Structure formats: C-alpha cells, structure tokens
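Peer 1: Below are the chains, spelled out letter by letter.
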Amino acid sequence: MKPEGKRQIWDEYQKDIADDNYFYVRSCVRQNFFPGAEKTFLRYMKQLGRNVFENPSHTTCSGIGYHSDIVPFETAMTMVARQFALMTEAGYENFVTSCITSFGLYTEILETWEHFPKVEEQTRVHLRNATGREFLKPKNLAHASDVTFKLRKEIADAGRYRLVNQDTGEPIRVVEHIGCHYSRMFPNKGVGGAEYPYVLVGMIEEWGGEVIDYPERRHCCGFGFRQYLVKANRGYSVSASKKKFDSMKPYKPELILTNCPGCPMFLDRWQYAISEMEGTTYGENGQGIPVMTYEELAGLILGYDPWDLGLQVHQVPVEPLLEKMGIPYDPEKKFLDIDGNFIGKPKSPSFLKFY
Amino acid sequence: MDNTVIVIGGGISGLTAAGMLAQQGLDVTLLEKENETGGHLARWDRLFPDRKKASEVLDFAMEGLNKVKIVTGVAITGISRQDHEFTVSTNLRDSGYGMQDAGYQSPVPSPQSPVPSTQSPVPSPQSQYTASALLVATGFDLFEARKKEEYGYGIYNNVITSADLEEQFKSGRKVLTSEGKTPGRIGFIHCVGSRDEKVGNLYCSKICCVTGVKQAIELKEMFPESEVFNFYMDLRMFDRHFEELYYEAQQKWGVSFIRGRLSECSENPDGSIILKTEDTLTGKPLKMTVDLLVLLSGFVPSGGTRGISKMLGLQEGTDGFINSADQHSQNNLSGIEGVFLAGAIKGPISVSESVADARAAAAQIACYLSSFKVTND
Chain A
1 MKPEGKRQIW DEYQKDIADD NYFYVRSCVR QNFFPGAEKT FLRYMKQLGR NVFENPSHTT
61 CSGIGYHSDI VPFETAMTMV ARQFALMTEA GYENFVTSCI TSFGLYTEIL ETWEHFPKVE
121 EQTRVHLRNA TGREFLKPKN LAHASDVTFK LRKEIADAGR YRLVNQDTGE PIRVVEHIGC
181 HYSRMFPNKG VGGAEYPYVL VGMIEEWGGE VIDYPERRHC CGFGFRQYLV KANRGYSVSA
241 SKKKFDSMKP YKPELILTNC PGCPMFLDRW QYAISEMEGT TYGENGQGIP VMTYEELAGL
301 ILGYDPWDLG LQVHQVPVEP LLEKMGIPYD PEKKFLDIDG NFIGKPKSPS FLKFY
Chain B
356 MDNTVIVIGG GISGLTAAGM LAQQGLDVTL LEKENETGGH LARWDRLFPD RKKASEVLDF
416 AMEGLNKVKI VTGVAITGIS RQDHEFTVST NLRDSGYGMQ DAGYQSPVPS PQSPVPSTQS
476 PVPSPQSQYT ASALLVATGF DLFEARKKEE YGYGIYNNVI TSADLEEQFK SGRKVLTSEG
536 KTPGRIGFIH CVGSRDEKVG NLYCSKICCV TGVKQAIELK EMFPESEVFN FYMDLRMFDR
596 HFEELYYEAQ QKWGVSFIRG RLSECSENPD GSIILKTEDT LTGKPLKMTV DLLVLLSGFV
656 PSGGTRGISK MLGLQEGTDG FINSADQHSQ NNLSGIEGVF LAGAIKGPIS VSESVADARA
716 AAAQIACYLS SFKVTND
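So the sequences go chain by chain: A and B.
Everything in the first sequence is counted per this note's numbering, starting at 1 for the first residue and increasing by one.
Everything in the second sequence is counted per this note's numbering, starting at 356 for the first residue and increasing by one.
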C-alpha cells in the first residue's frame, strides 16, 4: 500500500462545505436505528457555535421509495422541491442532510435540473400547483458527515478523548464504510471521491485512530435496499455483511465507522444474527466489532455520556471500545431512559459477548 | 518558399521523417522537449510481433540524422507565420508546451532572427527557428493508469503498467513482486483507459492487445511455472503475424485469456491483488488473486500535441487526437498550408505504422517545397 497514492487522489476530490448556517433535514429511518445520532449532531454543532435550523414540517425526501421503484422520479423531485422551499422560506442557503440516500437523491436532482432545465421548470410547476410554494436551489449541499469532516479539528481540539488505546498508547484500528449514495453516483460530490473516500478517514486520523484497508472494503454493507426490503432476499443481505466481516477479521479492527443509515444498522445487527446462526464472532474474545455513526463517535470524542448517545441500543456492545479509549460509563444506567426509568434489558445473545 | 523544415517532436515519427527529409537535401531542424530523442521507443525493450529490440529500430532511424539540427530540452512558446515562412519560438524547457499563453498568429510581421546554422545541443534560453514547412510529430502519452482508481495503480505495490513492465524487461532484471518474490500468478488487464466511456475515451488504442500477448509470453519465458491470465474485451490482432503470436501464447506458453473487464481490485495482507471480474463467455462472476497485475495503458494525445494544436489551430477530433485534411488521401496534411502531421498525433499507431507514416509525410513535404501539388483542391 502506498499512502501517498491515496493522498494524491484525495487532493483531487475536494469539496466546498459551508462553514455555518445550515438548514438540516433528517432521515426517515435513522431515529429508529440509532436514535441518538441526529440529536448528537445538533448538540455538537451547538457546542461548536454553529447555527443549524430545522423545520418540523419537513418530510421524507422519498429517496427510499425512489430507490425501491415505488416512488416516481417526478414525485421525488416535487417532494425535494418542497424541502428546498422550506429552506428558502426560512432564509437559509446551506442544505445539510442527515441521510446518505437523501444526499444522493438531492445531488441527483440538482444535477438533473442543471442538465435539463425544463425538468426543473416542470417541477416548479408541480410544486406550485400542489402547495403554492416557490424555492431557490441551495448554494451549498452537504451531508452531515461532510460538515463533521470540516469541523473535525475543532472537535478534536474541544475533545476529551481520542481514538487511542489508553493501555498501550496505540491508535484504535478502525474500518470505515461509506454509504453507496454518498459518492458512488457522483464521485466529485464526496470528499475523497468514490474509490478511496476520505470523509470518514479524515475524522479517524484527526481523532487519533488508524484506518484499516481490507480487500472487501468496497463491498455492500448488506442493506442494498432490495436485498433487505424484499424479505425473500434477506439471505443476500446477511451474506454480503458476512463477506465483509470475514475479510476484515484478519486485520483485527476495533471499530467500524459509517456515515449512512443502513450501513451501521446491518453491520451491527447482522453480527448478532451471524453469531446466532453460526456461532461466529468477529471481535476479540467473543466480542463483536462495535459499529458507530460518525456523530456517535464525535460525541464520544467530545466526552458526551455514552448512554446519552444511544449506544445502549447497539446490538454489538460498545463497552470494550469505551474501556480501551478510557471513557467512563455507568453500567447501571445503561438501560435507563431519560427520566431514569428502566427500559428493559435485552436477552443475552448465545455467543456474542454481552454486558 | 525555401527548403527549410522544422520537425516538432523527436520520437520515432519525427526522427524518421527528419532523416528522410535531410537525405533529400532539405535543411531540417528537429525540436524535442525532452533532453533525449527517441520518445516512448527509447524506453521500450522489444517490439511485437517479432520481438525485435526497440533500440535497433531507433538506431536505424538515428542513422540518417547527421545532417539534421537537433535541439533538445526546449518548450515551444509560440508559432507565427508570415507568407510562407513559419517562426517557432522556444524556451529552455521548464514550463512545457502550451504553458505560456502563446497562440497561432497569422499573418503578423516575422521577427528578424537568425536561423541557427549549426547543431545546437545547448540552445540559448530563448530561440527562434524559421522554416517553410512544419511537421508536427508530437505523438501520444500513455493513459495515466491511476485515473482508473478502482484498479489501484499508484496505491497497491503490485499493480504496474505495461510501460513499467517494459522498463523492467529493458533493465535485464527479473520481474519480481514488491516483496521480492517470483510472481506465481500474473494478470494482464486490457483496455485500461481505452474503449472506456467512464474516462471519456471511446476509442481503441489498438496496440495494447498485442502488447499484452507479447508481454505475457515474455513473462512465461522468464517464469515457466507461473500462470498468466489476460483479461480482455476483444482481442484485436489487426496486423500481420499478430494472430499467430496470440495462438503461440495459448498453445506454446499456456497463457489463459478470459473475456471480462476488471471491476475492481483490492490488496491482500500479503500484498497480492484480488481481482473482481466476470468471465463473460461462461456468464459468471470471477474472483482471482494474482501476485502481480499489469495494466495495459492506452494512448491519449500528448501534452505536446494539445499545446501545439492550440498554437496552430489544428483541428482536434472528438477523441482529442488531430484530424488530418483527409483520412484517406491527405492523411499527412493538417488542412493548414505548410503544416504536416506524422505518427501518433493522429491517433493510436504502431511503430511500423509510425515509420511508414513518417516517410509518407516526408515525401509530402518534399513535394510541397518543390511546389508539387499535394492537395485535392
């Protein structure tokens, strides 16, 4: 491996990311999968002095339906136009998405409008007829991981912990996985391009960790929409994730970092499923490999309480990583809600080590 | 119009044409941007299909150059024309072709500057050369393989290009992996940067197929126990004895040919390379580990070609190579009076074709300077 070769590629895929005043749109599914992630993004943006605005009447972008062939492109464009109208009405120009599929869809639609202005005009007519709204296109479109990448040094400077093993002083070994819709459709819209994306690598390096490449790094996480949404296909989903786990295992990763709604879900949940199906675990001593979103990791670096980040709802326990990083946590509070009420404890898996 | 010619480009086409023109008594100046002449051929070991040493072909071309003024290491900064006389301005090369904002200027008064009368191995920082005819033979560059990011060139240690391999052949050293081991399994990837819409090159680079066959045989000669696989789209054995070489590779040397384009490759912990591809004849995806991967890089118009084209206002085709006045009957004419074309400036071409094309260009220039009609007009 020649790191300088990657850096040369990264230099070619730079991206303008707005520095402040963001109009934020949420994901349909992330609040169910990893409920603390979006809240954590808003929390550290506030801590870093950035203005982020949300309009509670924003909706799904419909990307999940579009990519599942149940929402026509014209409908998707009109719904996205409505989101832009909300941004325009609020006086914002910088549009930030929580979801990777949304980011991909917004990018695809803006590119479509650029190349086919009549389609944009048609969409404006559809929105006007349906809602009476008008919109301006965002001056800057970014994914929330782009924004976090831009602020990675500020997060490190404000941070209390680093991606470093407190016992050995060695960097934590991290595998990163980028959502397909982040840069595979439009490589020049992602930090670092599609083949060797830098957006998560930059965070890992800045926060003290070591990035691991492994042969199936580019392979699907296991979501792949059709692989999971069509129930009969779910075997493909598990086998895709398993292929990645088998490939990364020899490198002994201590964390998987992601920036997509689906990737952390499947890379996390399927470790449990595979352990139940085969008795196979991929971490040390019967543990799994913890899987995190970049918001959760940024929250840990900044010293937020792990249970405030929602890490207790992960299928693969995160305690081994917390201990390596020297992050204190209270096991007694793991399954308490925000008011201190016990929310129930999941049954221990048969093989995956549980805390 | 006098009998002076400036040849721009010192590759095999420029050298051959310059030699031919000088042998006919014309006053020839050859301008080359590199410090040495010979172009790509100077870095190549052996040629297909007969494995003749490239240096022998180059030596043959150099034999006729004793009367040619050769100026190396210069960048062309401008070309102007007055009546039938071209003036080519040069700088010692540190900025490259076209880096300065110089354009084709016609007609403008020609600066009165002396034409160097003798060979000038160390040109002055700024020089001017005049001639009645220009031959542009600025050739090609190899496609920059790292642009196919998914193939890992420049990132994985055991991914090399056909040019890298040829340099290793030329050095006489054994071809080993980056870990110093004999490669047990070697893969060749055809059409890297050619026939590839993703990189914007729809054209076939023509000579990569037979280069892959030749280099596969050479590796089998070096390592008889190694397995060699060529991954191809089509095998275009277009010239004499090429098909025979292809059969020899299979029947005598056991080289395997798999019809399928590489999707991506990755690196194993031991430095070997995993290929993900497809065998399109069996219709199955294929995953294979190789110890060494060779990318057969195609042709792209050279930086020199692009720069000179802009200065002279030559007509570029959709592929970026230069269009001649007529591909069939006026293939060495540029469409601009007194400006001629030779070699790979017009597209991918083999060494033997370059030599023939350069001689044809020289004949056309000699006709033009003798006031014979060279166009259909």
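Hints listed in this document are in silico derivations from the structure and should not be mistaken for laboratory results.
Since the model is a prediction, treat every value here as computed from it, not as a measurement.
Mixed in with the good hints, there may be bad ones.
One side only, chain B facing chain A, incomplete, derived with CB under 10 Å [what the hints assert, rightly or not]:
| # | residue |
| --- | --- |
| 1 | Glu505 |
| 2 | Ile510 |
| 3 | Trp608 |
| 4 | Phe612 |
| 5 | Glu619 |
| 6 | Gly626 |
| 7 | Lys631 |
Where is the CB? At the ideal position from N, CA and C, for every residue including glycine.
Peer 1: Please name the hints from earlier in the document that this structure breaks, with their numbers sorted from lowest to highest.
Peer 2: Checked against the structure, the hints that fail are numbers 3 and 4, while the rest are satisfied.
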